[in-house]
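**Student:** Starting from the two chains in their separate frames, assemble the complex, guided by the hints.
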Amino acid sequence: NAGVTQTPKFRVLKTGQSMTLLCAQDMNHEYMYWYRQDPGMGLRLIHYSVGEGTTAKGEVPDGYNVSRLKKQNFLLGLESAAPSQTSVYFCASRPTGVRSEKLFFGSGTQLSVL
Amino acid sequence: AQKVTQAQTEISVVEKEDVTLDCVYETRDTTYYLFWYKQPPSGELVFLIRRNSFDEQNEISGRYSWNFQKSTSSFNFTITASQVVDSAVYFCALTPPDIMDTGRRALTFGSGTRLQVQP
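Chains as they are written, first to last, in the numbering used here: chain W, -19 to 94; chain A, 54 to 172.
I should point out that these hints are in silico values taken from the structure, not numbers from a laboratory. Mixed in with the good hints, there may be bad ones.
Calculated lysine-lysine pairs in the BS3-like style (CA-CA distance at most 25 Å, straight line) [claimed, not checked]: (1) A/Lys69 - W/Lys82; (2) A/Lys56 - W/Lys37; (3) A/Lys123 - W/Lys(-11); (4) W/Lys82 - A/Lys56; (5) W/Lys50 - W/Lys82; (6) W/Lys82 - A/Lys91.
Far from chain W, by Cβ distances over 10 Å, these chain A residues were calculated [claimed, not checked]: (7) Ser65; (8) Leu98; (9) Ser106; (10) Tyr117; (11) Ser126; (12) Ala134; (13) Asp139; (14) Ser164.
For glycine and all other residues, C-beta sits at the position ideal for the given N, C-alpha and C.
Chain A on its own, in the form it takes in the complex (with noise of 0.2 Å):
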C-alpha cells in the first residue's frame, strides 16, 4: 500500500518569504514517481514536477526547488521569494511505475498544502 503525507494544512507567508512544502511518501516498491501539482483557486491542477526514485539529484526551475531525499522518504518543495500568484493549493502524489504499460497504477496523493502568500 501507499501513502503520501503532508503535515502542513495550510501555511501562509508574506510576499518574498521562502516556503518550503512537506511530502513524506510510504511505499514498498523499489522504483515509483513522485510528482507535485499545483491547484490554484480557479480550481485546475497544474503539473509541476515527476521525480524518479532513482534520480536523487536536486531540482531548480527559476523560483522552484525540489529536495527528494530517499532515506528519509522526502520530497520537499520550496518557493523562493514567494509571490500573491503562488496562492494555491499544492498536492504531492505518487505512484509505482507502469511496467507493464496496464494503466491499472493510478496516482495516489496526499492532501494537499494550502499556501496563501499576503502581499
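Excised from the complex, chain W in its bound form (with noise of 0.2 Å):
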C-alpha cells in the first residue's frame, strides 16, 4: 500500500549542481503535481502532468524541468541548483473523474542548496 513514493527523501547540493527527484504512484492515477514548501509560504505549484507525456507550469516553474515518461512517474530536475531552491519538495498526485478533487501526498524531499 505504498500510495506516492518520494526519492530522495533528503539531499544537499552545491550551487551549480544537478539533480532529479522521483515520484512513483503506485494508484494509477492520471494526474501528477509537483510543490514547494517554504516557511510562511505555505505550498506553491511548480509544475504538474494531465497525463503521460504531459507537462504544464504551475505557480512557480522558473528553475525546475519535469518529466512524465511513464504514467506512475512524476520527475522533477533541477538543471542548475541556486540556493533559493532550498525547500521541502512534495510530489502529489489525484485520479481523473469530478469530485476528485482531494490529492494524494508524498512524504517529501529536503533538499538544501549551499
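**Tutor:** Pasting the structure below:
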C-alpha cells in the first residue's frame, strides 16, 4: 500500500549542481503535481502533469524541469541548483473524475542548496 | 485568482484546551472545495476534510470540528480538548471544481498555522 513515494528524502547540493527528484505512484492516478514548501508561504505549485507525456507550468516553474515518460512516474529536475531552491518538495497525485480534487501526497524531499 | 489566508502563524496551547485555527479565502468561483491538511513533525501531509461550497453545515469528527461560513469566506477548524499528538502544522486549501476533469485545477494553499500543544 505504497501510495505516493518520493526519492530521495534528503539531499544536499552545491550551487550549480544538478539533480532529479523522483515521484512514483502506484494508484494509477492520471494527474500528478510538484509543490514546494517554504516557511511562511505554504505550498506552491511548480509543475504538473495531466497524463503520460504531458507537463505544464504552475505558479513557480522557473529553474525546474519535469518529465512524465511513464504514467506512474513524475520527475522534477534542477539543472543548476541555486540557494533559493532550498525547500521541501512534495509530489502529489489524484485520479480523474469529477469531485476527485483531493490530492494524495508523498512524504516530501528536503533539499538544501549551499 | 484565488487566495487562502491563515493569519495565525503559530499557536501554543496547553493540553486539554480548545483551539481554533482560522482560514479565510478569496475566490471568484461560485462553486469550490475547501480542504484542511495536517503536517505532523514527521513531515507528511495528512488529509483531514474536504467541504463543498454548497454545503454549509458544520462538521464534527471526534475532537475535530469545522465551521464553514460562506458569508464571511471562512472555514475555521476547532480542536476540542487538544492533545500533544495534535502538534503539527495545519494547512487550509482551496480549489474550484475540475468540472471538465482536465487535471488543471490544483489546490491553492494557505501559509499554514503551526500548533504546539504543551503537556
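**Student:** Compare the distance between the alpha carbons of A/Lys69 and W/Lys82 with 25 Å, and conclude whether the hinted pair is satisfied.
**Tutor:** Violated, at roughly 30 Å.
**Student:** Would you check the hint for W/Lys82 and A/Lys56, treating anything up to 25 Å between C-alpha atoms as holding?
**Tutor:** 18 Å, holds
**Student:** Say whether it holds or is violated: A/Ser65 keeps its Cβ farther than 10 Å from all Cβ of chain W.
**Tutor:** Answer for A/Ser65: holds, closest chain W Cβ roughly 17 Å.
**Student:** Does the alpha-carbon distance linking A/Lys123 and W/Lys(-11) stay inside the 25 Å limit?
**Tutor:** 39 Å, violated
**Student:** Does A/Ala134 clear chain W by more than 10 Å, comparing its Cβ with all Cβ atoms of that chain?
**Tutor:** 27 Å, holds
**Student:** Is A/Ser164 truly not at the interface, in the sense that its beta carbon sits beyond 10 Å from all beta carbons of chain W?
**Tutor:** 4 Å, violated
**Student:** Within a Cα-Cα threshold of 25 Å, do W/Lys82 and A/Lys91 meet the stated pairing?
**Tutor:** 14 Å, holds
**Student:** Since A/Leu98 was said not to touch the interface, does its Cβ keep a gap of more than 10 Å from each Cβ of chain W?
**Tutor:** Violated, because the least Cβ-Cβ distance between A/Leu98 and chain W comes to about 4 Å, which does not exceed 10 Å.
**Student:** Take a quick look at whether W/Lys50 and W/Lys82 sit within 25 Å of each other, Cα to Cα.
**Tutor:** 22 Å, holds
**Student:** Test the statement that A/Tyr117 is away from the interface with chain W: the closest C-beta pair must be farther apart than 10 Å.
**Tutor:** 17 Å, holds
**Student:** Hey, does A/Asp139 actually stay past 10 Å from chain W on C-beta?
**Tutor:** 19 Å, holds
**Student:** Taking C-beta pairs only, is A/Ser106 more than 10 Å away from all of chain W?
**Tutor:** 12 Å, holds
Comparing the model with each numbered hint stated earlier shows that hints 1, 3, 8 and 14 do not hold.
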